[in-house]
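There are 2 protein chains.
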Amino acid sequence: MPAPLRNDTFLRACLRQPTDYTPVWLMRQAGRYLPEYRTTRARAGSFMGLATDPALATEVTLQPLERYALDAAILFSDILTVPDAMGLGLSFAAGEGPRFAHPVRDEAAVARLAVPDLDRLRYVFDAVASIRRALDGRVPLIGFSGSPWTLACYMVEGAGSDDYRLVKTMLYARPDLMHRMLAINADAVAAYLNAQIDAGAQAVMLFDSWGGVLADDAFRTFSLAYTERVLQRLQRERDGVRIPHIVFTKGGGLWLEAIADTGPDVVGVDWTVDLGAARARIGGRVALQGNLDPAVLFAGPAQIAAEATRVVERFGAPLAADGACAGHIFNLGHGINQHTPPEHVSVLVDTVHEASRRVRLRAASGASRT
Amino acid sequence: MPAPLRNDTFLRACLRQPTDYTPVWLMRQAGRYLPEYRTTRARAGSFMGLATDPALATEVTLQPLERYALDAAILFSDILTVPDAMGLGLSFAAGEGPRFAHPVRDEAAVARLAVPDLDRLRYVFDAVASIRRALDGRVPLIGFSGSPWTLACYMVEGAGSDDYRLVKTMLYARPDLMHRMLAINADAVAAYLNAQIDAGAQAVMLFDSWGGVLADDAFRTFSLAYTERVLQRLQRERDGVRIPHIVFTKGGGLWLEAIADTGPDVVGVDWTVDLGAARARIGGRVALQGNLDPAVLFAGPAQIAAEATRVVERFGAPLAADGACAGHIFNLGHGINQHTPPEHVSVLVDTVHEASRRVRLRAASGASRT
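Sequence lines, in order, name chains F and A.
All letters in the first sequence, in the order written, are residues 781 to 1150 by my numbering.
All letters in the second sequence, in the order written, are residues 781 to 1150 by my numbering.
Bound-form chain F, shown alone (with noise of 0.2 angstroms):
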């Protein structure tokens, strides 16, 4: 039997809930910045040895929450987890970026792609379950996997791209095969988000974080169709408890609109939106969460507590005056960058709780003279 959770302002935010606060939680917040992190890292050997290893994923996964006051835990993995269990060998080289040794690029190895057994991630759900244990209810704990385009990038390209030249030409010479592959890819993922939340996730997030790199309409045809094909597949609840679905599309703030339509609780967003026209856009539909941009904590802590108070201002209060609650999670635009000051996050969290219950205070005595 789970703990009670202590703090939900995370949840009751995805939900457009009244909160006293903006709950905060940043993108990567258990990585590299932290030297704690490199320790145990380096005891781990590689970084598939650390994120299948569910004693070592569960250290660090709870290792930003000694320092910060933050309002949800997000489990320690990769977005590419199910691509591996397909087979594909996922590797991270020292100081590059993910590898698939078997990438997909012809009609022969897009056939032999499949759903995944999920015994093959038996370790990624051993893994909740252990951090719940450890959270013991503290804050609430998010599950995510890479979207279905997403996922197809790094599985034709086999690595980071500048240009995603490979798998644009697939995706424009052979459709066919395309949706193939992200069918496959949404079945997998839904099937791996049902079992994080199976496992205790109480929350579930889809990084659609090269969706920014399509053209118009082929976002919508090959990456935006198969994130509603994963959510309409999704667990809603578990045990009578609502479970927020996130997306969050790097790039995507000129959709925000048609992502709102496939059905998420809560739609991510970049530092290119302005937040103040987002919620006017879709803030009546899902909670949002975002937006920072990740250099910001580059900067003294002077500007960093203005520019995260920006951010809070912008979305503004968000139960208003005529009742209706809007959702906000504050979050970075993106993974917080390596060379952060760990100190420096301290300043960003603290800022955000203070400058959201001011604005909420002011937007309350505000009301109650009008």
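Derived from the structure by calculation, the hints contain no laboratory data.
In this text, all values refer to a predicted model and were calculated from it rather than measured experimentally.
You may find that some hints are simply not true.
Note that the list lumps identical chains together, so a pair holds whenever it fits in one copy or between two copies.
What the hints assert, rightly or not - Think about it this way: if two alpha-carbon atoms lie no more than 25 angstroms apart in a straight line, the pair counts; the simulated SDA-like pairs of lysine to any residue are:
| id | residue 1 | residue 2 |
| --- | --- | --- |
| 1 | 1030 | 892 |
| 2 | 1030 | 1143 |
| 3 | 1030 | 1085 |
| 4 | 1030 | 1056 |
| 5 | 1030 | 944 |
| 6 | 1030 | 949 |
| 7 | 1030 | 819 |
Add chain A to chain F, keeping to what the hints say.
Okay, now just chain A, sitting in the frame of chain F:
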């Protein structure tokens, strides 16, 4: 006395005047995907050797016009000639992007910056004059520069970047230094483009290649404000002929209205934007240039024709039933990729010309029926 212009379709579209078909040119149309370019480039020894030799720059500028029915030529040069003239030492290592020997990373380096003596860019103006003579009125010649912000990115980073850490650190930690650099860049770019116009450029384009990496507020403050400063200083006509001004912000789709507000004649858009939606947003005030994903050119001729036709049809017939005329210049949403098969470009150019004549005929016959 320059030869009279025999094909003014591009200039007319820039000024939202009726045209028989949609003009087309391609960013980086004189470049590595062409074997004849690679031959001339080898003869020059280095990229800067090629760019600084007016005869060779003329030769490569005209090469794509020999192959394709393009409606404009663009000066062969680089977006970073201005900071090179400031003394930063531009070079291009084989297979890599640009690099500055003396990046601008501290207060002292910013203090040393000044608008360069335009004599140091004489080779560019000589190339413009030489190309105009060689074109002999065939199509108009476009001059260009990097935008103040995009120049600043390279000046601080010293090269391309994944995360823009150094330049964004300066922006957030020392906005005073960044503003000083941008003001100098803007004045230098304006003088540089005006000198290109004096030498014979018939339109000028600002490439804000890295505007899209900025947060919404930072984009307006550090990119857009200085784009506007350049535009305000540019010559609007030469010898009684209008000189269209084009602004292209890669990743700027969210900010189209704000970009149009800076006063250009043409706004370039990348492939993430739906061209019909962009026309509805700003097509009554400016012409639009774009926006095929260059990756489409990796597919086969049938797919290239289908995707190019889709772009032409998304914009629609420029002349509305009420007599108002919009403007569309077909282009890619980014520079043509070096791996593009040259024969695919013929399919693209011919398709744009044919499809856009069809769209006009269809609209005219529809209008005559009503």
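Okay, the hints, checked on the actual structure:
In this assembly of identical chains, residue 1030 and residue 892 lie within 25 angstroms of each other by CA distance neither inside one copy nor across copies; the values are 30 angstroms within and 38 angstroms between. Taking the shortest alpha-carbon separations for residue 1030 and residue 1143, neither the intra-copy value of 31 angstroms nor the inter-copy value of 38 angstroms comes in at or below 25 angstroms. With identical chains, the CA atoms of residue 1030 and residue 1085 are at most 25 angstroms apart within one copy only, with a shortest distance of 24 angstroms there and 29 angstroms across copies. Within a single copy, residue 1030 and residue 1056 get their C-alpha atoms as close as 18 angstroms, and across copies as close as 23 angstroms, so both meet the 25 angstroms cut-off.
In this assembly of identical chains, the alpha carbons of residue 1030 and residue 944 lie at most 25 angstroms apart whether taken from the same copy (15 angstroms) or from different copies (16 angstroms). When the C-alpha separation of residue 1030 and residue 949 is checked against a cutoff of 25 angstroms, the pair qualifies both within a copy, at 21 angstroms, and between copies, at 21 angstroms. Proximity of residue 1030 to residue 819 under the C-alpha cut-off of 25 angstroms is found in neither arrangement, the shortest distances being 30 angstroms within a copy and 40 angstroms between copies.
Consistency with the previously given hints fails for numbers 1, 2, 7, ordered from lowest to highest.
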